[in-house]
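With the hints as constraints, model all of the structure from the sequences given.
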Amino acid sequence: MEHKSIHFLDLPDEILLIITKKLCPIDVLYSLLGVNKRLDTIARYIVHTKFLDFSIISSNSQFSPVDDVVLDRFCAQILPQIYQHLKVLVFEQLCMKRILLACQYPNLRIINIINYKPNIFSQYLTEESPIVHLFRKQIAHITITNRKKEASNESFTDGCAHIFTICKQLTFFDMSRFTSNGNAQLLLYNRLPNTCFSSNLRTLFVNVATFDDCLCLLDGRLSQLSSFTVNISSIKRSSTITNNRNVLPNLTEFSLFCYSLTNAYDCHIVPLLRQRLTFIDRIHLDEQVLNYMSKLNSFTFHICTFISTSNTVQFLSTNDIQKTFIDWKYSLISCCVDYFSNEIGLCHIYSTPVKITRFMYVTNSFRGSHFQFVTDLKLYDTHSFEHDFFEWASQAFPLLNKLTIFNLIPQENKRQISSIIKYLHLRRLDLINAHIDYANQFLFHTYAYLPRLVTLMIRYEQLTIVTNNFT
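When we follow my numbering, the leftmost residue of the sequence shown carries the number 27, and every step to the right adds one.
In case anyone wonders, no lab produced these hints; they're calculated from the structure. It is possible that some hints are incorrect.
To be verified - Simulated DEER-style distance windows between Cβ atoms:
#1 158 <-> 218: 53 to 59 Å
#2 355 <-> 50: 39 to 45 Å
#3 41 <-> 496: 52 to 58 Å
#4 346 <-> 260: 56 to 62 Å
#5 486 <-> 341: 38 to 44 Å
#6 41 <-> 409: 55 to 61 Å
Claimed, not checked - Below, simulated PhoX-like cross-link-like pairs (lysine-lysine); rule was C-alpha separation at most 20 Å, straight line:
#7 428 <-> 404
#8 381 <-> 404
#9 113 <-> 163
Where is the CB? At the ideal position from N, CA and C, for every residue including glycine.
Encoded structure:
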């Protein structure tokens, strides 16, 4: 059989366009623009996407700026030829000033700032800055993306407040994207009521420290807010602010995440509710929450309730809770009820299909569901987790990146293991509060396959036993 080689330039334009659309626009523009007229046309065509990403994500999920040589050519030669098409720019903060000063961007509306450092960023947005007019007059969407927490919460709050002050056209602000532990949080309680004020903002994603900080954002300073997603570090009974549900008539989407246990549900999350003696079900959600949201057309949630069963006469089952959601208009609902030996009851209710990325307190009773987007999982039970449970978990949570196990009960069927369980994406495993059997379960290559594991949290004495004193 003869093999005929074909030169890249021998391909028709249609094929070249298909190829370049699958490549990084930065690489295409840098490699093809200026070579000849034909490749110029091909390279310029991809700019019709109106989007350029100057960030690089390494194999260990760290962000870095593009090479200086590449950036120099873009700023001097490429951007001045394509600037009028661009509507979206993604860049590392250290490159921001060079990129934005390279030319005028009459259609630029959206920016994503990588590795945001508030003190440095605020210096770029002084009244004397040559780029401040762009943020004041044009930028409507800002997203802050960090690999990790780079500043104190106070400094982060000052920086975000400055963005609110300068960016008068801002309608979308996502300051919640941190790709590892240690989210920077807004601290608004005890600050002036005009901190983070905007009369145009409609969509906000934010991490806050306390429930009071969350309520500050709902006090009317964001009068046009229609979509609000907040991750609260902790919700405590010490909150002193009274919630007012009537100050945001345009709010139609509200998502609240709190991954810490709280005993303040009754007095803060639903102020009208007295101390609950049973699990949350549809009746409670309708009467105490949803009936106050007349414009709500979508409600996606995961609520995990713990109650004491020491004085309980009637023990509700999973089926009892599930039946209350028959013909519910918002979404399909799944639930799971479990009771533990320490006189504690647990109930999960959640919308399906599950779209959240973190799931907590999964027990042995959790079977049959599929959680394709969950990357962070916590397991808890007062009964042992056996090999078949972990086998189910590896399939139910296929993209699992972080796993924490809370279980001090030894496994019963240690010798009945017939298959190797694969966790192909797992990078972080926390066994601090787990029996040594679970260290054996995950660290013996005959039981589990963890090709991407980077971080292991385990008690030292357990590790010495499992590794036979590191031999």
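How the hints compare with the structure:
Hint check: residue 158 to residue 218, Cβ distance near 22 Å, so the stated range 53 to 59 Å is violated. For the pair residue 355 and residue 50, the beta carbons lie near 44 Å from each other, so the given range of 39 to 45 Å is met. With their beta carbons about 56 Å apart, residue 41 and residue 496 fall inside the hinted range of 52 to 58 Å. For residue 346 and residue 260, the Cβ-Cβ distance of about 31 Å falls outside the hinted range of 56 to 62 Å, so the restraint is violated.
A hinted range of 38 to 44 Å for the beta carbons of residue 486 and residue 341 is consistent with their spacing of about 41 Å. The given range of 55 to 61 Å is respected by residue 41 and residue 409, whose C-beta atoms sit roughly 60 Å from each other. This hinted pair checks out: residue 428 and residue 404 have alpha carbons roughly 8 Å apart, not beyond 20 Å. Taking the CA atoms of residue 381 and residue 404, the gap is near 16 Å; set against the 20 Å cutoff, the hint holds.
Distance check on the hinted pair: residue 113 and residue 163 sit about 14 Å apart at the alpha-carbon level, within 20 Å; holds.
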